[in-house]
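Spelled out from the first residue to the last, the chains are:
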Amino acid sequence: MAVEMRLPAVHKPISLAASQSNRDDKHLVVPGDVITSDTGFMRGHGTYMDEDRLTASVAGEVERVNKLICVRPLKTRYNGEVGDVVIGRITEVQQKRWKVETNSRLDSVLLLSSVNLPGGELRRRSAQDELAMRDYLQEGDLISAEVQSIFSDGALSLHTRSLKYGKLGQGVLVLVSPSIVKRQKTHFHNLPCGASIILGNNGYVWLYPTPGHQDEEAGGYYTSMEPVSLSDREVISRLRNCLLALAAHKVLLYDTSVLYCYEASLTHQIKDILKPEIIGRARCVTSRAQLACANMAVPATTNDYKKSAESYET
Amino acid sequence: MRDTPLSNCERRFLLKAVEEKKRLDGRQTYDYRNIKITFGTDYGCCIVELGRTRVLCQVSCELVPPKDSRPTEGIMFFNLELSPMASPAFEPNRQSELLVMLNRQLERCLRNSKCIDTESLCVVSGEKVWQIRVDVHVLNHDGNLMDAASIAAISALSHFRRPDVAIQGRDITVFSPEERDPIPLSIYHMPICVSFAFFLQGSYLLVDPCEREERVKDGLLVIAMNKHREICSIQSSGGIMLLKDQVLRCSKIASVKVSEITELINKALENDRKIRKEGGKFGFAESMPKERITALKRDEAPVEMTDVQETASEIVNRTETPTEAVSSPVLVAMGTAQVGEGIVNSWGLDEDEEDEPQTEDTKTGSSNCKHTLYICSEKKKRKSTKPSKRK
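Line by line, the protein sequences are chains E and P.
Quick note: the first sequence, position 260, residue 260 per the UniProt record's numbering, numbers continuous.
Quick note: the second sequence, position 314, residue 314 per the UniProt record's numbering, numbers continuous.
Accuracy of the hints is not assured; some may be wrong.
Here are some chain P residues the structure puts well away from chain E; computed CB gaps all over 10 Å [what the hints assert, rightly or not]:
(1) Thr4
(2) Leu6
(3) Asn8
(4) Glu19
(5) Met76
(6) Phe90
(7) Val123
(8) Asp142
(9) Lys227
(10) Lys257
(11) Lys274
(12) Ser287
Label pairs and their computed distance ranges (CB to CB) [unchecked claim]:
(13) Glu226(E) / Arg2(P): 32 to 38 Å
(14) Met225(E) / Asp31(P): 54 to 60 Å
(15) Lys250(E) / Arg94(P): 46 to 52 Å
Quick caveat, the hints were computed from the structure, so don't treat them as lab data.
Each residue gets a CB set at the ideal place from its N, CA and C atoms; glycine is no exception.
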């Protein structure tokens, strides 16, 4: 039996000197903070007028566009933009649509006309297709989709009109805050450590074993039920713990930051990554690696960033 | 705000556990969670904790004109509220199906069973009667709100004291608690609801489902009974088909549970009465546990110990003899250490068992069991210029 002991200790605040300058430019407020006493500004979201003073009603960053002041909250439900990649869970099967839960204020909608038919045919959806909806997606299924448009009430309309979107098979879902997922060109990555990741903009991250061969004809209908090997499972477990460690320190998630954290964690056992001391250490190494890469013109390899990380070591 | 929907694997896990007669918190099929009943300083205020489900009940009274159809009877008014404090799924002022169901069942359990003598609440026939108002607030939702609410309501009603009145002709004098001692309500019996959750089309049942178990249930059977084995109400929801002997079995289980719970309520009432008589401190402030950082208190978690001896000896026989014990613990990070290493990772698939011995070398786990315990002290194994703040 392994016995773990922890002594009470003072938590060292992790401060990164290089990135401190970035923080000062941002105007962060908490609810109740007065933003300005100038009456010439228009009030936007996240603010209210308190006796001629513009006050913040949410905790976040102040954004100013000409005369409009609004506060963008740091912790919020997912606000969709057109073109975002999201991962959602089917909650209802309705007449010609599915209701998908995507961590937003309203359930998103996946219309029957926005999914690919089996075999990839292009035709008008018939009543047969409507009756066969449940054979494709049931309540509780996970899907990856893209935001097509936004309804007037704020609900998102999704589509899975590409072969890379569709029903998700075996893998691990990690829930993080939507604000820490970085907006990138592509959200589907095959990590070199041996797993694949989908970073949904809505805070849902999907980790799955890299598929051996691409099934082109299936079009998202076929989910492989083959048993996943132990090594793949370990990689995915380690990635999941790394994601939670990064999320605990509000580090922006994108493929390289996840990869650096994974490599930094290789020295520890998978179950140790979630300990607060290890999280702090992993976060330091990850951010140092990121800074090292930002300062280098060429993309860094593992050895390069380790060398420069040592040079940062006090 | 809608609750995050349950994932498929969680649902499958819960149903599989039910099939194997295992529950998430280690209880048996017919076991209730820990029930704690505490009373406040005012008469008629009571908090019931059923595991992590917390329900607060407050009873109050008022003199009102009676109903025209019943001029000699007092009025009982029940109100149950699902506060957003209980669960993010509850919205304030939102009439949901659960709320209606709970309210109706509470009314049926307490009003229709005639557990309170309403005739004794009459002050002047046709003019003034006591209206007893029972307000139940759900403070935390961890499953089985119905049982907790009924226990809270009947405890609060038994605890409640109404002001004494004197009638001279048509004049009514209501005495304050300082002038004359308030009078308890006359309660004939204590009806208590017992909930049974059914799974997999009625083949498995659980008593006192927790919140996760409630999410995957097929149907619910609520039996309100008193300790004299009289059934006050039965309600079956969810549309599952129940067999006659299932219902009879449930009522037998319910009678056992109800007598235990009635014992508990009476003991709690007795304790409260004693403390008030002796002049000691009573109320919520005394009964709430003080959560201090220096006090470590955890609930007992029941552990399955049936075949521990055989399993342990099997594992010990299977592993190799350990090498000499290493004296120093492994420093994982500043302030945490690990003594010993666990045994081989058995979380593998059947097909991969042949591959496991090869991958074991790359993993940090080994098949040694070390049984030495050391108190770890903070040792700095790497040079650091920052002085430590701890001695």
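Structure-based check of each hint:
Not every beta carbon of chain E lies more than 10 Å from that of Thr4(P), the smallest distance being close to 7 Å; the non-interface claim is violated. The claim that Leu6(P) lies off the interface is violated: its Cβ sits roughly 7 Å from the closest Cβ of chain E, which falls inside the 10 Å cut-off. At the 10 Å boundary, the C-beta of Asn8(P) falls inside the reach of chain E, the nearest C-beta of that chain being 4 Å off. The Cβ of Glu19(P) lies farther than 10 Å from every Cβ of chain E, with a closest approach of about 19 Å, so its non-interface assignment holds.
Once the 10 Å rule is applied to beta carbons, Met76(P) is consistent with being away from chain E; the minimum gap is 40 Å. With a least beta-carbon separation of about 17 Å from chain E, Phe90(P) lies farther than 10 Å from that chain, consistent with its non-interface assignment. The Cβ of Val123(P) lies farther than 10 Å from every Cβ of chain E, with a closest approach of about 51 Å, so its non-interface assignment holds. A cut-off of 10 Å between C-beta atoms confirms that Asp142(P) is not in contact with chain E; the least separation is 21 Å.
Taking the minimum C-beta to C-beta distance to chain E, about 43 Å, the non-interface status of Lys227(P) holds against the 10 Å cut. The beta carbon of Lys257(P) is kept farther than 10 Å from every beta carbon of chain E, the shortest such distance being approximately 33 Å. Once the 10 Å rule is applied to beta carbons, Lys274(P) is consistent with being away from chain E; the minimum gap is 40 Å. Listed as outside the interface, Ser287(P) is consistent with that label: its C-beta sits roughly 29 Å from the nearest C-beta of chain E, beyond the 10 Å cut-off.
Between Glu226(E) and Arg2(P) the C-beta distance comes to about 34 Å, which sits within the given range of 32 to 38 Å. Evaluation of the 54 to 60 Å hint for Met225(E) and Asp31(P) yields a failure: the beta carbon distance comes to about 37 Å. Checked against the given bound of 46 to 52 Å, the beta carbons of Lys250(E) and Arg94(P), roughly 33 Å apart, lie outside it.
When the structure is compared with the earlier hints, violations turn up for hints 1, 2, 3, 14 and 15 and for no others.
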